[in-house]
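Peer 1: Here are the chains, one letter per residue:
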Amino acid sequence: MDPAFLAVQALSGLSSASSLFITACGLTIVFGVTRIVNFAHGSLYMIGAYTAATLVPRLLELSFGPVTFWAGILASAIIVGLIGVIIEVLLLRRIYGAPELFQLLATFGVVLVVQDLVVQVFGPQDILGPRAPGLRAPVEILGRRFPSYELVLIAAGPIVLGLVWLLLRKTRFGVLVRAATQDRDMVASLGVNQALLFTGTLFLGAFLAGLGGALQIPRVSANTGMDLSIIAEAFVVTVVGGMGSVPGAFLAALVIGQLQAFGILIFPKSTLVVVFLLMAVVLAIRPYGFFGRAEIIGGTHAVGIASRRPLAGRSFILITLMAILAAFPLVADAYLLKVATEILIFALFAFSLQLLIGVGGIVSFGHAAFFGLGAYGAALAVKWYGVSMEAALPLGLALAALGAALVGAFVVRLSGIYLAMMTLAAAQILYAVAFQWVEVTGGDNGIVGVWPSPWASGPIPYYLLTAVLTVITVLLLKRIIDAPFGYSLRAARDSEARAEAIGLKIRQHRWFAFTIAGAAAGLAGGIYAFSRGSVDPSLLGISTSVDALTMLLLGGIQTVMGPLVGAAALHGLRDWIMPLTPLWRLLLGLSIIAMVLIFPRGLVGTVRDWWGART
Amino acid sequence: MNAPLLEVWDLCAFYGRAQVLFNLTFRLQAGEVMALVGRNGAGKTTALKAIMGLVSASARQATFKGHSLGKLPTYKIARLGLGYVPEDRRIFTDLTVEENLETGRRPAGSGRSPWTPERLFRLFPNLAEMRGRRGSQMSGGEQQMLAIARTLMGNPDAILLDEPSEGIAPVIVQMMAEAIRAMKAEGVAVLLSEQNWAFAAGISDRACVIERGEIRFQGSMAELMANETLRAETLGV
Numbered sequence: 001m002d003p004a005f006l007a008v009q010a011l012s013g014l015s016s017a018s019s020l021f022i023t024a025c026g027l028t029i030v031f032g033v034t035r036i037v038n039f040a041h042g043s044l045y046m047i048g049a050y051t052a053a054t055l056v057p058r059l060l061e062l063s064f065g066p067v068t069f070w071a072g073i074l075a076s077a078i079i080v081g082l083i084g085v086i087i088e089v090l091l092l093r094r095i096y097g098a099p100e101l102f103q104l105l106a107t108f109g110v111v112l113v114v115q116d117l118v119v120q121v122f123g124p125q126d127i128l129g130p131r132a133p134g135l136r137a138p139v140e141i142l143g144r145r146f147p148s149y150e151l152v153l154i155a156a157g158p159i160v161l162g163l164v165w166l167l168l169r170k171t172r173f174g175v176l177v178r179a180a181t182q183d184r185d186m187v188a189s190l191g192v193n194q195a196l197l198f199t200g201t202l203f204l205g206a207f208l209a210g211l212g213g214a215l216q217i218p219r220v221s222a223n224t225g226m227d228l229s230i231i232a233e234a235f236v237v238t239v240v241g242g243m244g245s246v247p248g249a250f251l252a253a254l255v256i257g258q259l260q261a262f263g264i265l266i267f268p269k270s271t272l273v274v275v276f277l278l279m280a281v282v283l284a285i286r287p288y289g290f291f292g293r294a295e296i297i298g299g300t301h302a303v304g305i306a307s308r309r310p311l312a313g314r315s316f317i318l319i320t321l322m323a324i325l326a327a328f329p330l331v332a333d334a335y336l337l338k339v340a341t342e343i344l345i346f347a348l349f350a351f352s353l354q355l356l357i358g359v360g361g362i363v364s365f366g367h368a369a370f371f372g373l374g375a376y377g378a379a380l381a382v383k384w385y386g387v388s389m390e391a392a393l394p395l396g397l398a399l400a401a402l403g404a405a406l407v408g409a410f411v412v413r414l415s416g417i418y419l420a421m422m423t424l425a426a427a428q429i430l431y432a433v434a435f436q437w438v439e440v441t442g443g444d445n446g447i448v449g450v451w452p453s454p455w456a457s458g459p460i461p462y463y464l465l466t467a468v469l470t471v472i473t474v475l476l477l478k479r480i481i482d483a484p485f486g487y488s489l490r491a492a493r494d495s496e497a498r499a500e501a502i503g504l505k506i507r508q509h510r511w512f513a514f515t516i517a518g519a520a521a522g523l524a525g526g527i528y529a530f531s532r533g534s535v536d537p538s539l540l541g542i543s544t545s546v547d548a549l550t551m552l553l554l555g556g557i558q559t560v561m562g563p564l565v566g567a568a569a570l571h572g573l574r575d576w577i578m579p580l581t582p583l584w585r586l587l588l589g590l591s592i593i594a595m596v597l598i599f600p601r602g603l604v605g606t607v608r609d610w611w612g613a614r615t
Numbered sequence: 001m002n003a004p005l006l007e008v009w010d011l012c013a014f015y016g017r018a019q020v021l022f023n024l025t026f027r028l029q030a031g032e033v034m035a036l037v038g039r040n041g042a043g044k045t046t047a048l049k050a051i052m053g054l055v056s057a058s059a060r061q062a063t064f065k066g067h068s069l070g071k072l073p074t075y076k077i078a079r080l081g082l083g084y085v086p087e088d089r090r091i092f093t094d095l096t097v098e099e100n101l102e103t104g105r106r107p108a109g110s111g112r113s114p115w116t117p118e119r120l121f122r123l124f125p126n127l128a129e130m131r132g133r134r135g136s137q138m139s140g141g142e143q144q145m146l147a148i149a150r151t152l153m154g155n156p157d158a159i160l161l162d163e164p165s166e167g168i169a170p171v172i173v174q175m176m177a178e179a180i181r182a183m184k185a186e187g188v189a190v191l192l193s194e195q196n197w198a199f200a201a202g203i204s205d206r207a208c209v210i211e212r213g214e215i216r217f218q219g220s221m222a223e224l225m226a227n228e229t230l231r232a233e234t235l236g237v
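Just so you know, the sequences run in chain order A and B.
Quick note on my numbering: the first sequence kicks off at 1 and runs consecutively.
Quick note on my numbering: the second sequence kicks off at 1 and runs consecutively.
Careful, some of the hints might be misleading.
Some chain A residues well away from chain B (every beta-carbon gap over 10 Å; in silico) [unchecked claim]: (1) Ala179; (2) Thr181; (3) Leu190; (4) Gly191.
To give a feel for the contact side, a few chain A residues facing chain B, derived at Cβ under 7 Å [what the hints assert, rightly or not]: (5) Thr54; (6) Thr171; (7) Val175; (8) Arg178; (9) Asp183; (10) Ala188; (11) Val192; (12) Leu196; (13) Thr199.
The set of hints was computed from the structure by calculation and includes no laboratory data.
From the three backbone atoms N, C-alpha and C, an ideal C-beta is built for every residue, glycine too.
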């Protein structure tokens, strides 16, 4: 192969590694100290890009020159740093002690809020920033032209690494940050005000995210998709490097930059897949990444369903509920039936996640993977093999179960935040496959023409079919939760060491639970595909996973029936509010944050507490 | 009698629903060494943690230098001049000896000569030879010295010292006793939690015997030495 081409390819790999490192470095420092995986870090990066793309051209009008350009970049990063301080003071400070699931959800709430705010503030169109003065002409490398700005970026990574190293090694702030990364309580016992230390850390982390974003403006236009694409990559970098490790992040960014640069040559469309596969391989070999340590895994507080006495007259309630479900078509119109069908599907999806999180303490952030696998499995069977719905649904379920068994085999070795990230990675790999393997999956357009068999088509029959399948599966899962198997999972959730000491094979139980939950989610996905007549990659996306988590949270994570209520509440709210306002994501984000802060027991949990206090 | 430096009354603590401390009331005078002694699990460590505000389910009335500790966060308690050396030492293993000392540094009160790394290295000569070494590469005894030195860097008026002799070599235990005497000579009061009776008896002015979360005896060390029945019953020595 042409050596000049290889050199240029390696250089562009280095420059994307630099950008990635600058951003991921902030994420890993913030995690190290606060133990919060800040989903909003990508949003800060996006704000940095928008701010710089808006601010720098105005500054250049006042005084054109390299000094102005770089001052503008720096000013944008400082502005983002201050936004990070606001986020810390208003939100993060209140959730340092919360379970990791709530932390992830709350910061994802910030992502949603920022998405709508960015459009409100900067407008819906992409903004292309100015090119850097003095760096407009490309340089020649082995006879090929290479943008000189990229060379500056290549240098920026090591410079930031050096400065961060000096800050962490040679200043009192840095020494305290490193100490707090290891043992926060001890730092407090030595008289250090953690609140200030954490606010300072958030400023540093947000500053780096903003810098990472601002440096992009001459290369890519600021756009509203930047937040989730960078956060996925930054997660991979921090996880592969070892959570909390700055040198680890640097090394991981270098590896990933080169992998992306040369992965294009091998899999032209699937750089995402390569990146997430790297993460899977690294975590399989080193469960804490390159330089991570076992004690820095985050998420030591499991929350889950609590044992309680069975409600009196529960079979009566159950029969009444089933009767109401069965009689619903008598009173509802086609639209309501469609809504009810979707609520039932999502209730099943959320309930399958409850088996993992509430019962098993396995905080999966990628449960959409199996929902999507079930949907795609069914749709692909219809499209490529022309099978009927009766065969396609079990096929989808089987594909989801198989996928869950495979992913689960990796996942059950991990714990805490690494587990959440690994499941997220698995879902992102599948998302990338569905998105990029256009010939088979239809890419962005997905697959259409996935219709139920004649006997089940029409709103009423399909609603009834959904209701029957959902009720049967939920009852089956409930039976599993109440069986000794469910108790073993709960034992492992509450104390791994003790559960192991009484002879439970924790990994095997968790793997089994993961597969069952994946199969149930796959069934929900299959039913969903036939209800809409189509599938598309968004079914596998982060927001579908978060939807399920939000339903759990809304309904109440400590109750068995919470997810069912949560699915109804979230879906109902969405159908009701979304047509009324363009700021749906802002509202949803704020609601998620509010739920985490003031309502963490969810609807069912709160009602139960109230009932319990009354009687 | 002077106003006590540290006064604690009705200290209770809970782990879940189980109460582990029952209305402990005691005082620590400026410049004295008092030992909390008792069997394993009696509640000594919990008592020290609760004073520092590190046990979430605890109720206590406490004053330090006349300030109510009330619901103060841990760092503010430490800033009043109350140092804490935990039982498991909790050295920052990624940090060097000098960096560990830096984490504890706080300005000294007026009229006191502040502790500096140099002074501490004279107190613990072993540490002087390993200034650049990381905490993870130190022995248990060295870590214990570093933990005490780190807390002294905050120039405290009193130190809560949890099991300083646990799991370290006898020769280092001897050095530890000397260090505590040296601290006392500098006017630092020490509230010591100890299972090693001989060690506690050798350096303490007063003692407080805790059994199952309750105080069984409070008085001078000499008194406790004399009371063989009580010792045999509560401490097994």
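Peer 1: Evaluate each hint against the coordinates.
Peer 2: Comparing the hints with the structure gives:
no.: 1; hint: Ala179; verdict: violated, 5 Å
no.: 2; hint: Thr181; verdict: violated, 8 Å
no.: 3; hint: Leu190; verdict: violated, 5 Å
no.: 4; hint: Gly191; verdict: violated, 4 Å
no.: 5; hint: Thr54; verdict: violated, 40 Å
no.: 6; hint: Thr171; verdict: violated, 10 Å
no.: 7; hint: Val175; verdict: holds, 5 Å
no.: 8; hint: Arg178; verdict: holds, 6 Å
no.: 9; hint: Asp183; verdict: holds, 5 Å
no.: 10; hint: Ala188; verdict: holds, 4 Å
no.: 11; hint: Val192; verdict: holds, 6 Å
no.: 12; hint: Leu196; verdict: violated, 9 Å
no.: 13; hint: Thr199; verdict: violated, 14 Å
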